[in-house]
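Knowing the structure of chain A, use the given hints to seat chain B on it.
Protein chains: 2
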Amino acid sequence: MENFTSYNPTKVVFGKGVVSKLGKEAVKYGDKALILIGKGSVKKNGILQAVENQLDTMGISHTLYEGIKSNPIYQDCDKAVAQAQEFGAEMIVAVGGGSVLDSAKAIAVGFYANHSVWDFYAAQAPRPASALPIISVLTLAATGSEMNCFTVIQNDELRTKGSYGNPLLYPKVSFLDPEYTYSVSPAYTAYGVVDLISHCLEAYFDTSNSPLSDYMVSDIIKLAIEYGRKAVAEPNNYDARANVMWLATMALNGSLDAGKRGGDWGVHGLEHSLSALYDVPHGAGLAIVYPAWLKFHKPQIAAKLDFLAQRVFGLDKNAEDFIQGLEAFFAEIGAPTRLSQVKVSQYQHAEIVTNFINTRANGQFFKLNEGVYQAILNLMA
Amino acid sequence: MENFTSYNPTKVVFGKGVVSKLGKEAVKYGDKALILIGKGSVKKNGILQAVENQLDTMGISHTLYEGIKSNPIYQDCDKAVAQAQEFGAEMIVAVGGGSVLDSAKAIAVGFYANHSVWDFYAAQAPRPASALPIISVLTLAATGSEMNCFTVIQNDELRTKGSYGNPLLYPKVSFLDPEYTYSVSPAYTAYGVVDLISHCLEAYFDTSNSPLSDYMVSDIIKLAIEYGRKAVAEPNNYDARANVMWLATMALNGSLDAGKRGGDWGVHGLEHSLSALYDVPHGAGLAIVYPAWLKFHKPQIAAKLDFLAQRVFGLDKNAEDFIQGLEAFFAEIGAPTRLSQVKVSQYQHAEIVTNFINTRANGQFFKLNEGVYQAILNLMA
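Heads up: the protein sequence lines correspond to chains A and B, in order.
Residue numbers 1 to 381, in my numbering, belong to the letters of the first sequence in order.
Residue numbers 1 to 381, in my numbering, belong to the letters of the second sequence in order.
Hints in this document: simulated from the structure, not taken from any laboratory.
Ideal Cβ placement from N, Cα and C applies to all residues, glycine included.
Hints may be right or wrong, so weigh each one.
Claimed, not checked - The calculated label-pair distances, taken between Cβ atoms and stated as ranges, are:
(1) A:Y7 x B:V342: 35 to 41 Å
(2) B:D56 x A:A303: 43 to 49 Å
(3) A:N209 x B:Q364: 33 to 39 Å
(4) A:E157 x B:S208: 36 to 42 Å
(5) B:P299 x A:E66: 53 to 59 Å
Just chain A, with the same shape it has in the complex:
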């Protein structure tokens, strides 16, 4: 086991009807809130109204910023910062999925800065001294952003995504009501499941040895397959939605980092190019990149894959079975596993490799270079 620090101050309130407790938590942070939402689905299904009622009951005034994209862009965050400043917001209430939450984190630090939020992601900003408190109401199980201090934002001009992490950005309270995910489409439910499985794999492909973390990685993947399959087939199955929601949180709240050196994250780097270039949903892109990455690295990681195969698919399985089983599961739940399925033709491959090069896509342990880019790309085609 490697030396590590475990710290996560986010309070998660999980279960049916938990948003009824939001007002009491929010009032601890002030009486003016910026509410942040995506494209407006939370207006139709009543979730926004429930949140606004909670704030109103406690006398918390609020202003709404609407229109965060599913691959969120920094310009929206800059606009929301201006709106929050003008309003005098004392907190951000993020109602949505990972893109809304990641944007809320950008806005939270941007609020006290005199520059674009992008500078944080470009590592060009001074270390912030404070951030607005964030309260989240999750409507999509996928990114784990509800219980960590990381955020990923897109820059369309540079055709890249940037990531940023700061302990100031742990949400103060996150409300996770599985019923709030009933209206998520089968496709986005599947992408969320792919995302959470990918987070487990990124943590797992670390060269350090941490037995409990390795066991938990296999547990979360095994349960994500079982309950992910069920959530896609039965959108209103509470048990399936609840399990997927908690698994997604646990996959990236630090629990898997104990005794490790932070995981690899090379696949995420590669996927960000697909999202930045073609607006592919993050989870869909991961379903294409991960099987290819595993196939390419199989000789180096065979023993680790054997372990996962046995724990996830059965004692008689091996590395190849794990890769095939995972890819088959992604396909079964409706995620793409080849670039052609997201309408990226082979004529665009050069553009992808160029983007990998420009963004210096790389992993912490499994080093990528131009030759590897091309080989993995061939396996994605």
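The following block gives chain B in isolation, referenced to the frame of chain A:
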């Protein structure tokens, strides 16, 4: 999955040499510390000196309270409160195992109270508004107190133990250096392993269904058997000590409560009588009570035991194999599994039942009464 809240703000700094970071963390909380220790072993092995050096370097003055017993008594806490008040302590630095940490928590709330700390445990105190911050340096892997807000203290006059929990009592920072546990005797190492396995079982014997928690319970028990055996046999094996230390923390830091209703805790209630009556170490008492409790309840919990048997001991195993395997493991590592081994004779059985009755020992789900007390006692004899 049941509704639940997950919240744990303790920062854990884990690994070799981590106490070198203590000064920088401590200085955030003031410049006067009460250091709390047990019977003095940390004086001999240099751990206390390392902690004092850290405080000295940062200009933090300190006073020492020495002599916390392994079954800690409230009178020591009251004395330490007086010493802390007189000194004007702004924090408590607890250097020891669960008994020192649990006492630190009593002192932390007692510091602001005008009554004995026992009143908190007897549920006779008003809700405290504040507590001294606690920094812990763990020297024994067992209770999980380093990353939770619970404390158990003994009252010898009433021949009982009381427990108390308050979110104010999460340690601010806990330093976990596995090398600091090298000098723990094989017997106390074994008791710690029994304790952490018991915490998993208490969480598990809940009537609610929480798949990830159930998987993690089996993982922690399986690894505790593997690395516990190794830690007892090879006291200076870093890997064994590190795994046992982290497993003990994870067994009672809230991770297993997700989707559950808080666990049963009936066995802990029964064990507290053995510790209070005969000064049996807590882990040793648990090694006697848990097998008996499992045997008595087997018909009701057979399916849950089958699951554990398969996950911990092998796919062909069943409930009876789990009970036998667990009891055999306790015996193998040197923990007692019968009352006669801790020199409690059958003439004292009536006294034990009377104590069960007086302390109203009970579980949240598996209800105990006088008939059950006697039946479980017979299985412990």
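Against the structure, the hints:
no.	hint	in the structure
1	A:Y7 x B:V342: 35 to 41 Å	holds (39 Å)
2	B:D56 x A:A303: 43 to 49 Å	holds (47 Å)
3	A:N209 x B:Q364: 33 to 39 Å	holds (37 Å)
4	A:E157 x B:S208: 36 to 42 Å	violated (50 Å)
5	B:P299 x A:E66: 53 to 59 Å	holds (58 Å)
Consistency note: the structure conflicts with earlier hint 4 alone.
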